[in-house]
Structure formats: C-alpha cells, structure tokens
Amino acid sequence: MFASLSERLQTAFAVVRRETRLTPEAVETALREIRLALLEADVNFKVVKAFIDRVRDRAVNRAVLESLTPAQQVVAIVRDELRTLLGDGPAGLTASRQRPQVVLLLGLQGAGKTTTTVKLARWLTGQGRHPLVVSTDMRRPAAIEQLNALAHEAGIRVHDPARDTAVVARAEGAVELARSMGFDVVLIDTAGRLHIDDDLMGELEALKTAVQPSDLLYVADAMTGQDAIKSAGEFNRRLGISGVVLTKMDGDARGGAALSVASVVGVPISFVGDGERLDDLQPFHPDRLVSRMLGMGDVLSLVEKAEQVVSREDATRLERKIRGNDFTLQDMRDQLETVKRMGPLDRLAELIPGMGQMASRMSGEVDPHALVRTMAIIDSMTRRERVRYQVIDGSRRRRIARGSGTTVQDVNRLVKQFVEMRRMLKTVGAASRSRKKKGRRRRGIPTRPGMPVA
Amino acid sequence: MSFLERLRAGLRRTTDQLVGRFDRLDAGGATRVTVGQATATVSIDTLDSLEEILIEADIGVSAAMRLIEAVRDQTDDADLRSVVKRELRRLLEAATPAPVRGGRPRVVLVVGVNGTGKTTTVGRLARLLTLSGERPVICAADTFRAAAVEQLEVWATRVGADFVRARPGTDPAAVVFDAISAGKARGRDVVLVDTAGRLHTRTNLMSELDKIRRVAARAVDGAPHETLLVLDATVGQNGLAQARAFLESVGVTGIVLTKLDGTAKGGIAVAITAELGVPIRYVGVGEQLDDLVPFSAAEYVEALFEPAW
Numbered sequence: 001m002f003a004s005l006s007e008r009l010q011t012a013f014a015v016v017r018r019e020t021r022l023t024p025e026a027v028e029t030a031l032r033e034i035r036l037a038l039l040e041a042d043v044n045f046k047v048v049k050a051f052i053d054r055v056r057d058r059a060v061n062r063a064v065l066e067s068l069t070p071a072q073q074v075v076a077i078v079r080d081e082l083r084t085l086l087g088d089g090p091a092g093l094t095a096s097r098q099r100p101q102v103v104l105l106l107g108l109q110g111a112g113k114t115t116t117t118v119k120l121a122r123w124l125t126g127q128g129r130h131p132l133v134v135s136t137d138m139r140r141p142a143a144i145e146q147l148n149a150l151a152h153e154a155g156i157r158v159h160d161p162a163r164d165t166a167v168v169a170r171a172e173g174a175v176e177l178a179r180s181m182g183f184d185v186v187l188i189d190t191a192g193r194l195h196i197d198d199d200l201m202g203e204l205e206a207l208k209t210a211v212q213p214s215d216l217l218y219v220a221d222a223m224t225g226q227d228a229i230k231s232a233g234e235f236n237r238r239l240g241i242s243g244v245v246l247t248k249m250d251g252d253a254r255g256g257a258a259l260s261v262a263s264v265v266g267v268p269i270s271f272v273g274d275g276e277r278l279d280d281l282q283p284f285h286p287d288r289l290v291s292r293m294l295g296m297g298d299v300l301s302l303v304e305k306a307e308q309v310v311s312r313e314d315a316t317r318l319e320r321k322i323r324g325n326d327f328t329l330q331d332m333r334d335q336l337e338t339v340k341r342m343g344p345l346d347r348l349a350e351l352i353p354g355m356g357q358m359a360s361r362m363s364g365e366v367d368p369h370a371l372v373r374t375m376a377i378i379d380s381m382t383r384r385e386r387v388r389y390q391v392i393d394g395s396r397r398r399r400i401a402r403g404s405g406t407t408v409q410d411v412n413r414l415v416k417q418f419v420e421m422r423r424m425l426k427t428v429g430a431a432s433r434s435r436k437k438k439g440r441r442r443r444g445i446p447t448r449p450g451m452p453v454a
Numbered sequence: 455m456s457f458l459e460r461l462r463a464g465l466r467r468t469t470d471q472l473v474g475r476f477d478r479l480d481a482g483g484a485t486r487v488t489v490g491q492a493t494a495t496v497s498i499d500t501l502d503s504l505e506e507i508l509i510e511a512d513i514g515v516s517a518a519m520r521l522i523e524a525v526r527d528q529t530d531d532a533d534l535r536s537v538v539k540r541e542l543r544r545l546l547e548a549a550t551p552a553p554v555r556g557g558r559p560r561v562v563l564v565v566g567v568n569g570t571g572k573t574t575t576v577g578r579l580a581r582l583l584t585l586s587g588e589r590p591v592i593c594a595a596d597t598f599r600a601a602a603v604e605q606l607e608v609w610a611t612r613v614g615a616d617f618v619r620a621r622p623g624t625d626p627a628a629v630v631f632d633a634i635s636a637g638k639a640r641g642r643d644v645v646l647v648d649t650a651g652r653l654h655t656r657t658n659l660m661s662e663l664d665k666i667r668r669v670a671a672r673a674v675d676g677a678p679h680e681t682l683l684v685l686d687a688t689v690g691q692n693g694l695a696q697a698r699a700f701l702e703s704v705g706v707t708g709i710v711l712t713k714l715d716g717t718a719k720g721g722i723a724v725a726i727t728a729e730l731g732v733p734i735r736y737v738g739v740g741e742q743l744d745d746l747v748p749f750s751a752a753e754y755v756e757a758l759f760e761p762a763w
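As you go down the protein sequences, you meet chains L and F in turn.
Residues 1 to 454, numbered by our numbering, are exactly what the first sequence covers, in order.
Residues 455 to 763, numbered by our numbering, are exactly what the second sequence covers, in order.
With the rest of the complex left out, here is chain F (with noise of 0.2 angstroms):
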C-alpha cells in the first residue's frame, strides 16, 4: 500500500466515523481500511484560500507568502491548484539524500525533541532495514527518561534485532561506542542509534549529542552515516527551530515526520526543507510496525490538499 493510500486509510476512519460505518479489513497483518469515497477537493481558488490551507497545513506565514509569490504569475490559466503542487514538488524533490559513504557499519544517529516518537521509528526502521535485508543493530543511548530503554528492548525483541542497553545514568556515548564494537564484531551492517530526546534550546544535551557524534566518528570511518531528526507532524513554527538547532550540533541529514495518521499535515518539514535543504526520508501513517514508509513529495503534496485531513 501507497503512503498516500495509507493516509487515505487514515482520514476515511474520520470520514466513516461520521457516517458511522467502520469496515474493516484484515489483510495481512496490517489494519486496512476499505476504500470506497470520492475525495471531494478543497476550495483553493483564490489566493486568499490557498493562504489559509498552506498556512492551516503548518507550512508558516514566511513560506507560504513564498509560495504564494512563487505562483501568483502563473495562475492566468486559471488551474491554480495544479500550479501550486508543481511548485510544492518542485521544493520538496530538489532536496536529495546525500550519497552514504565511509566503514561498516553504517551508523545512524536518531534524535529528536521529547515525544515525538524517537523510540517508536528506531523500531521501524529496524523492521524497515531487516525486510530490505540488512541486519540492524538497535542501540539505547537514552539514559534519561525512565524506561526508554525497556521501551525499546520490546521492539527489538518484535523486530528481531540484535539489542545494546546502557544502564540508566551512564554515559550514552560509551553506550554508542559498545554498540557500534558489537555491530563490528558480529558483521551488522547498520547501527541505529536511539538518543534521549532534548529540547533543542538545552546547550549542555546538545553538545552531548555532538559528544556521541565523535565517538561514532571515531569508532567507524564516516560515522555517524545518517542522522535523522524525528518531528512530530503536529508540531508548529518551533520545527524549524528545532531543526536548525540539531542542524548545528549534530548535522541532519534527514527527516522523519512521525503521526501524520492524525489530523495535522506536518507542513513545517516543507519549510525546513525550502529552507535548509535538509529533505524528508520516511512518514509514519500509522500505529503498526510497519508503518513507516519512505517519503514520496508527489504522495505528500497530493495529501496536503486532501480535504477534512
């Protein structure tokens, strides 16, 4: 199933709720959701309009007002919609994934603020690597928050992945040193690194997540591969503030938009993404391990549009 058709699942629960009809479908292990409602389309004929839905969708006054300005010439042929997703396509696709290079394994760092589903992507991403073939080693380096760690031991145990714990108190970046000597010693191919989430004003967490950066750096050439900033798709105008934030310290490479099965559209990573260059990798549109799915701009920008959603 499409991302999109997954989201679609996600907003025709809304819509069937209303209707009171819930026909469910159980198919291969996954809860899916039939399918069966012409998606009427949002009104999006005035400029004004589209100011409120990109606005409605988080994307922020200061990108939307470049959007709008991005397609105010071209909307003689009256098709403003179409104009406007071209563009939106456009933004989102010119950011790439840089090329991953360097030793084995390749480490990837997963940070965040609190709550926004760290823990719950390093165990999809698990899933995601080990149905692709990889053989992932999962990592708790959050030794803060109470039970994170036996939060994330579950996953593993589901996903079937190789687990290294830190005790509660020590020093995360020793916990990513073990972790990444495990994965070498056993010939893994990926080390997922869960870190403790932090609010990205908090100096002193994050110059201890750029500690755990040259401990990795020093364990594996190239390391750490990938850094992935998880954001909360309800998140508002803070997103990009977080995101320069963890840009700094740590370098993003990618972005993870978690809960988008809810009613927000996370529209903030279109604007750190226009803004930093820094583009979306994988949504999660729902509450099951496999529910993480690699990012589509042509899915998304469709999505955004999606009345009710």
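In isolation and in its complexed conformation, chain L is listed as follows (with noise of 0.2 angstroms):
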C-alpha cells in the first residue's frame, strides 16, 4: 500500500538532490511533482493546495536554500507536513472509563461497516476484552445476517433479538445485555448511508443520545477519491467522529483518502483494514506511515508482525541451536513457515528501509508458490535426512523429487541454499558466542525486551 505514492514523492525529492545550490525554481519543479503525485492519489484538491502552500512558504526561505542540506531539508519539511496532515493519536482503540464501552460505526454504503465491526470485534479479544457486536442496518437486506454469520465465524457474541426492528431498542438492548452479562464493549453497526440523507442521518443523531458512545469510528473506503471529504466532514458535523478505519487497503489504491478524511476530520486513522481474513485489521501508525510514503521503510511494524507470529520460546529455541550450530533442515521448515504466515513477501520487503520501490516491482515477479515448494520439499524428507542433511545421497534425492512433485535439480539447489545458509549460521553463533563471553551487548541494533531473532 502508498507504494506507487512514495514512488511518486521520491522522484520529485530527486529533482532537489540534483541540485547542489537549491533555487527557488528547483524547489518550485519538486513541488509541482508532488502536488501531481498527490493529486494522482486521490488526495482532495484543496487538501493538496494548502498542503503545498505551507511546504512552499517553509522551503523557499534563505535558512533553508542556504543550508548545507538544503534536500534533506525540504524533505524534513514534506516529512513534518504530511504528519501533521495525518494527526497524531494513539493508534488502536482505547479503552474508555465507560462499562459497557459503546462504540459506533458509521459510514457510506459499501464502505465495509459490517466486515469492519467483527474485525474490531476480533481485535478486541485478541486485547482480552470481551465485545458484544449488534448490527442495526434494518434497510439493507440480509445485512443482520451478514453480521450473524461473519460474527459466528469469529466466535464473537451477537445482540439479534428478533422482536427489536427498532435501530435504538437493538442498540439500547446490546447495551443493556452487556451489562448484565459482563460484556466490556458493544459494537454497534450502522446502516450505509448518505451523509446528504437528512433522515438517516437524524437516526444516527437518535442513535448517539440513547446509547452515548464513547467512540465513533467513520468508516471509509481507502479507494475514494475527492468526494471523501465532504463525506466525512458531514458525519463529523453532525455526530462528532473520534476515529476513522480506512478499508479495503490491500488493493492498490494510494490512498489520498486517508490523507484528506484525517485533514479534515481532524481525528486520526484508527485502524486500517488489509485483507478478506478477519484477522486483517490492524492498528493505525500515522508516523510509521509517513516514513513509508517517503521511502524510509517501517522498521517497527516489521518487528510487529514478527512478534504476532512467533512465540518468545521459539526464538530462545532457534537461538541457541545457532550458536550451537546445529540448524537442521527442520529448523528452515519452520522459518519459512513463520515467514509465510508473516504475511505476503513484497508487503513484508516494504517495510524494510530503502525496499519500498522495490517491493512494487517485486510483487509480479516473486513466485508465491517457491516457498510452498520448498516447504514441499522438506516435507518429503524423512525424519533422519532433515536432522542430518549429509545422509541426503542421489538416490534419496531423486524419492525427494518425486514425492513433492519437484525435480532433482530443485532439490539439489534447495540443499546447497541450506549448506550455505549453515555455513553463515555458524559465523553469526561464534560472533554471538564470543560476544556472550565478553558480556558485553552490540550497540547500533535496537533490540527490545523480548524481541525475537527471527
């Protein structure tokens, strides 16, 4: 996501790092470049004028253009610009001092309400609360059974009494159900609608005096385009939006959207939505974001989503079997393993400082079924041969091809990577090793408590 973005905004900071005396006409071609690349990503149009208008009247100016960096100082100044265009706040939800905490999510039609409430539900567990989901979109068809069926798939609890048509008696029903049961947060899911739709928009009004959430999350689709801000400012004049869920982020949309709801709401993006599963929501990092707009990869989120996938047993386990040199063909089935679940391999390879242009150009030619092969391979192996890989002979490797449905060369390269990857294994144990004995810790990694070496 933001890839061809921050593609864009990199060619227009090139333009500046040409330059060794920064003119006021330079920095007017980078800005055009910008404007353009802002424009193209759906950012609102006045949005984007005001924007480049604050960066003008910061760059052109003497202390600047005068500076022995004056590129990196324009780019600082596009850094600090667009963060605060996305505001700052903390990312998530938080909890509210309100037992049950009430949450409302609003939006247009199609932004995705419904996927987004069991989501959050989910996300919530996942926090060791306990989310009580209602849905009270009584005018489209099917849409309670939608938000039935996705809730029941999460195991998350639904409110569908079916004697409540009213929107307010369902939310006042969750409400109170909650609280004599022990639920901590009920989610309420709200019909689409347009925010021109003077009576549905008067419902949500009803809706907001009876049940007086604490937090009311406009959800919108990361693929609209200039109207986004007319739509969300509606809702936040009339109910007051504390958060927003940017959907549907696992296109290629550049998401402008986000830039121009947060600008004009002025509330932060809370979480965005990145994929069909229902685990795909995550936790919104303004800043995180910005550094990947700009190129500079998104070391944390990284570090994340390493943490989300292995345990800190298995890491202590892997460390030491490198230091004492004994990874096995075994080990490297489980690594790719954690790295498949990580996630797909370009969206990972974007994270990583200076990958970003990459990854776009990785995402056609990085072949998603190689590490399915090579896990395929692993598994064909017996017992013996993943623990002792030299036992591995050609008449062995020819039964490894044939039972994953590979050939001999590819089995042939699979264990060469191996050996090699040992041989660099053994290198990084004996440096660990000898660090150990020195007690002393490296300086430059930023290691954090717990962190895995994964």
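Heads up, none of these hints are tricks.
Calculated cross-link-like contacts (lysine-lysine; reagent style DSSO-like; alpha-carbon spacing at most 27 angstroms):
1. L/230 / F/539
2. L/49 / F/539
3. F/665 / F/638
4. L/230 / L/49
5. L/340 / L/321
6. L/321 / L/416
7. L/426 / L/321
8. L/46 / F/539
9. L/340 / L/426
Simulated DEER-style distance windows between Cβ atoms:
10. L/80 / F/658: 36 to 44 angstroms
11. F/676 / L/266: 52 to 60 angstroms
12. F/519 / L/317: 55 to 63 angstroms
13. L/390 / F/658: 37 to 45 angstroms
14. F/519 / L/24: 21 to 29 angstroms
15. F/622 / L/279: 18 to 26 angstroms
16. L/128 / F/672: 49 to 57 angstroms
17. L/279 / F/544: 45 to 53 angstroms
18. F/730 / L/316: 53 to 61 angstroms
19. L/373 / F/551: 42 to 50 angstroms
20. L/340 / F/519: 41 to 49 angstroms
21. L/373 / F/625: 19 to 27 angstroms
22. F/548 / L/212: 54 to 62 angstroms
Just so you know, the hints here were simulated from the structure itself, not pulled from any lab data.
Cβ coordinates follow ideal geometry from the N, Cα and C atoms, glycine included.
The task is to assemble the complex, starting from two chains supplied on their own in separate frames and drawing on the hints.
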C-alpha cells in the first residue's frame, strides 16, 4: 500500500537532490511533482493546495536554501507537514472508562462497516476485551444475517432479538445485555447512508443520544476519491467522529483518502483493514505511514509482525540452535512457515528501509509458490534426512523430488542453499558466543526486551 | 423522470436541508422532491477553475489536462462552459455498446470490487428488464460474502424473478452453469449473474472470474454477452486500475455507476471511457428499486457542472 505514492514522491525529491545549490525554481519543480503525486493519489484538491502552500512557505526561505543540505531540509519539511496532516493519536481503540464501552461504526454504503465491526471485535478479543456486537441495519436486505454469520465464524457474541426492529431499541438492548452479562465493549453496526440523507443522519443522532457512545468510528473506503472530505466532513459535523477506519487497503489504492479524511475531520486514523480474513485489521500509525510514503521503511511494523507469529520460546530455542551450530532442515522449514504466516513477501519488503520501490517491482516477480515448493521438498524428507542433511544421496534426492512433485535440480538447489545458510549461521553463532563471553551487547541494533531473532 | 431530474432531486435534498424545507410528494411509489429553485452555475471562466472542477469530480489529472488541452484553442469565443460540455459529450458518446449477438438466454455478468453495489444493481437490472417485457433469471454466484445470497434473494422476490442460488463455499462457475441451464429449460431471456466482490489485485480471484466466463461460454453461444463493471461514484483514481484489471481478465462491455445520489460525481468513469473506450451504461441515482436508469451523456455532462453536487 502507498507504494506508488511513495515512488512518485521520491521522484519529486530526486529533483531537489540533483541540485547542489537549491533555487526557488528547483523547489517549485519539486512542488509541482509532489502536487501531481498527491492529486493522483486522490488527496483532495483543496487539501493538496493548502499542503503545497505550506511547504512552499517553509521551503523557500534563505535558511533552508542556503543550508548545507537543502534537499534533506525539503524532505524533512514535507515529512513534517505530512505528519501534521495525518494527525497524531493513539493507534487502535483505547479503553474508555465507560462500562460497557459503546462504539458506533458509521459510514457510506459499501465502505465495509459490517466486516469491520467483526474484525474490530476480533481485535478487541486479542486485547483481552469481551466484545458484543449488534446490527442496527434494518435497511439493506440480509445485513443482519451477514453480521451474524461473520460473528459466528469469528466466535463473537451477537445480540439479535427478533422482536426488536427499531434501531435504537436494538442498540439499547445490546448495551443492557452487555451490562448484565459482563461484556465490556458493545460494537454497534449501522446501516450505510449518504451524508446528505437528512432522515437517516437524524436517525444516527437519535442513536447517539440514546446509547452515548464513547467512540464513533467512521469507516471509509481507501479507494475513495475527492468526495472523501465531503462525506467525512458531514458525518463529523453532525455526529462528531472520534476515529477513522480505512478499509480495502489491500488493493492498489494510493490511499490519498487517508490524508483527506484525517485532515478534514481532524482525528487520526485508528485502523486499517488490509485483507479478506477476519484478522486483517491493523492499528494505524501515522508516523510509520509517513516514513513508508517517503520510502524510509517501517521497521517497527516489521518487528511487530514478527512478534505476532513467533513466540518467545520458539525464538530462544532457535537462538540456542544457531549458537550451538545445529540448525537443521527441519528448523529451516519452521522458519519458512513463520515467514509465510507474516504475510506476502512483497508487503514485508515494503517495510524494510530502502526496499519500498523494490517491493512494487517484486510483487509481480516473486513467485509465491517458491516458498510452498521449498516446504514441500522438506516435507518429503524422512526425519533422519531433515536432521542430518549429509545422508541425502542421489537416490534419496530422486525419491524426494518424486515425493514433492519437483525435480532433482530443485532438491539440489535447496540442499545447497541450506548448506550455505548453515555456514553463514555458524559465523553468526560464533560471533554471538564470543560476545556472550565478553558480556557486552552489540550496539546499533535496537533490540527490545523479548524481541525474537526471527 | 429523467436521470438529471433525479439527480437534481438528490441535490435539492441537500439544498432544501440547508434552507430547512423538505417538501415531499409521493408519486408512483418513488420518492420525489419538489422542484423549485434556480440552479446557480459554478464559475468556470478560467482554465484554472475548470481544472479544479474536473479534478474535484474525480476525472483525474491526466484526463483533465487532456480536456483542457482540447478546449484551450477554442476559448476565444469566451464561452468556455459550452466548449467543455461539447467536448465531454463527444468523448462520452464516442463509446457505444457493442451489439449483443449469440444464443439465448443472454448472459450478463455483473462484476466489481467489494462494496460498490453489485447485488443491488442485479436486483434493479432485473426490474428494468421485467419492465421492458423480458424475463430474467437471477443467479447468485457470490458464494463468499456472508448472507450475499440471502440479500439477493430478497431482491429476486421483490422483482418477481426466477432465482438460482448457490450453497455457500461452492464453486461459483457451477452455479452459473446451473442458472443458464435453468434459464434454457424455462425459456427465459436473460441470466443475470451476481459475482462476489473482489479487489482487482487478487489474481486468484480474478482467474475465478475467467473460469465463470469460460463456463458460461460453453453453456450458451456468445456468453457472456455483456459484462458490466459496477463502479461506486465515490471511487477515485483507483477506478481506472479496477477497470483495466477487469477488462483484461473478463472483458468489460459496460460500466454501471452507482451511488450518484450522493455528492460524488463519479468522474473517473469519464476517464475510463476516454482511456479504455468502455461506455457507461447505467447509473444508480437513489435508494428505490426503480433508481437504476440508462445513462445519458448529455444529462451527465449537465449534471457534472451542477453546483454543490
């Protein structure tokens, strides 16, 4: 996500980087490029205009132009302004003092409210909370069935009394049920509506008055164009939005709507939905997005992704193995499994500093089946072969190739890769052993307590 | 009521709201709003303001630039507005739907990304067809989204059309085949296929569409006779990427622009027509069953320059 916007912005910066002495004209050329990049990413026309004016004001001044590193200064100004635009605030959903905490999900038709409701409930469960969901969408045919089915799949409790067909009564019933049953969050899914539909906006106002939600999340489609500020602005004016969830971020939308909405509503984006699975909802970090937009990578997200799939025990066990130089093919397979669980490789590459532009090129080229094929080859080995690769002779290689539906060449390549990997790990292991003896930590790598060596 | 009148009605809703009046006449089942205020025009005297209008309508920077280039030399007669309108109309009318050939029943695939209004569109298309004397079969091939089949079934009942459903998780291509067989056996005219929403970047889901297309082609000569891409009017520049991807994998023959009754103008459809030659066929202009109407370039271009819309 945001890959192409980041690519365009970097083209713009290349213009200023080429100049050893920065002239106002060069800044203007860069600004034109930035303007184009933002407009093509669907950032609202007026937002772009204000943004460019602010950057120009700050960039075209003697202190910047005559500094030793004018290009970096301009990049820094753009980064600053992007951060201001995206706003700052806690990512995700913070617990309120309210018991139960009431959360209202609002938005236009087709933004993804129902799916987001269940994804959010799932996320809250992961945070140790006990959510209850309720649909108040009496308009779209089968909307309630959709929420029920999704919630059932996710193992989330739904409040769906057949007798209540009034929006407010359903919501109030859910809050009451939550109170008596000990659920600490109630997520209220609402019907999609146009921001100019007075009747339906009035219905939301009544709902808000009745259940007094602590959070009103506006669900917006990441592919939205210029209209984003009008609809979000109107929802905000009438109801007061406390956070934004940006959905369908797994497509190739450049996500300018994120900037538009955040700037017009003045509240941060809380979550992004980036996939069809019910776990595909991530808390949003504007800072990280900005670095990613500017091609600076996002190491923190990478570390978090790793933490999600690797337990501390696994990490320690692996570390011990590497130190003791007994890394086996079985371990390699486990590692591949872990990488696979972290998500598509091209999306991971985006998070690595300097790899942003490469990632967009990779998406077409990296063979997603390569990982699966490699795992299949290892799966076709006997236990003995996995532990002692030396026993894998020609005849065994033929058998493994047959078993995994690959060729002997594929098996050869894998064994060779493995041997090389082992040699590399041996050096790492030796280095870490000697470090341990000296009892000194290597500096420069930001390690966090409990961070796995994945 | 014409398409523009309906749009104006939607627009008036906003205007009236501001003034605090809300006169409603209920005629013929559809909700209509009284007409009664002059439409002020947005100033497009300069090329700069024209650029702003076009970009804010989601036409996109490059299409906007091309339009401006096209009218730049003709602006000496001061009437920039009519020159632009003429140019836009010419562009939109240049793309015409290809004539439908092949066997019966006619198969119409409805495709698009998630949440654009495919299911609703299928229900309304069935209604339009019924009104013009054709008998449609509705095929629910969205076997992925929870309760999608139930949603469509409600529409089918309202319209009074035949309904062929899939069990959740089954192969959508098989359901399409069943629906076509049912259509043949009952002598129906059209099979309307509602497909699951899919992001155009998901290659495996896109090839699933291709499979549906192949299965349909085997079942009826020339099928699918039409493939309609449903676009949400609020979509931005990504709409072009969507159109390209769907065109490539299933061959889109027309666009349905939904949710035009909001404040979004769906200008990206203009860029799609300009760039890919795919015509806009229908527009969704309201929440009622009858609120899907055939597209008219003349009216759309008028509406594009309506204020505050």
